[in-house]
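K.L.:
Based on these hints, arrange chain V on the given structure of chain X.
Residue numbers (the numbering used here), protein chains in the order written: chain X, 1 to 179; chain V, 1 to 179.
Repeated chains share a single entry, so a pair holds when one copy, or any two copies, can fit it.
Calculated pairs, EDC-like style, for lysine to aspartate or glutamate (alpha carbon to alpha carbon, straight line, at most 20 angstroms):
1) Lys67 / Glu56
2) Lys67 / Glu46
3) Lys64 / Glu43
4) Lys139 / Glu39
5) Lys82 / Glu63
6) Lys64 / Glu46
7) Lys64 / Glu50
8) Lys36 / Asp132
Just so you know, the hints here were simulated from the structure itself, not pulled from any lab data. Nothing here was measured: the structure is a model prediction, and the numbers come from that model.
There are 2 protein chains.
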Amino acid sequence: EVKEGDSVAGVKVPVVRMKFGEVAASSSVVILPVCKAEEEEKEVMEAPWECKSEGEFGEVVAEKGWKRWVVLPGWEPVVGLKSGGVVVSFSDARVLPWKVNRWYKEEPILVVADRSRKEVAADDGFYLAAVDGGALGFKVERGSALKEAGVKESLGTVVMVVRPWRGDTDNQVAEEDWE
Amino acid sequence: EVKEGDSVAGVKVPVVRMKFGEVAASSSVVILPVCKAEEEEKEVMEAPWECKSEGEFGEVVAEKGWKRWVVLPGWEPVVGLKSGGVVVSFSDARVLPWKVNRWYKEEPILVVADRSRKEVAADDGFYLAAVDGGALGFKVERGSALKEAGVKESLGTVVMVVRPWRGDTDNQVAEEDWE
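Pulled out of the complex, with its shape left as it was, chain X reads as follows (with noise of 0.2 angstroms):
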């Protein structure tokens, strides 16, 4: 479940860390198209944007074939999605654009965006943009700072940011360094 507080003050992004076997505690996962940040941005704008849940077993039919997926548990945000629902795979957390602390430099997150809603609308909403014109691959802005370099289309508003589970975090909100 994704809890109250577990988001940037002011803005309705949830940051979640997995917990152990959460893919798992919940009843229902949702499987998803990955692209890897390094990667063009054509590939983010490429990976199939229907994926339909179909059958008792809850198999994923996507409309077209795609190699990388990842299975998140069914999360409010991450079920919410329609169709565009994509991940964006990033090697380490600095790519936000928060204060992070040291923790967020050494682990890798998933940026889950919808590219249905490309349109640059609030300002203190994120996200997923391209660097250098999409040739370096993927970013996460903040609206206003889109809007201040005259953006007004993103590659998909994030949703959801998510960070691996760590074993040794008791206190999970905590060591958050909130802006």
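P.N.:
Showing chain V alone in chain X's frame:
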């Protein structure tokens, strides 16, 4: 977990019914490519052979794109698949070559097969075989039956059969009709 006794007597193919939220109470999950039983034989051979788990989020990376996937709990026979693992989705369980009860006709099953083990080795083993040269899809056959028919090579050895979750089933083993 795969329980003792959840297999057809004398044969090492566990028949397991999904429990609610089980993809799920396991600390690990496995993503496997799925073929529909009604498809032609070539589909099962074309499904990606190598599906590696990568990184801290357990992303699956296939050697080629594929449209249909399923998530299973980290059951031993499934985790034990190296390469060549595939799931065939049947709309009902009458395809199984042992005596089944009425339940079976009303529920879909998943057959997990290992395409790297094609040889029809054991009389009491179960194998994925093509129906009518592949034009009519797949069936599950006993090793002895294939040998009698002179078939030495199957599409793969069946390692597991998965039945869907049923809310009103208390005694999961007793309802099976053992051969």
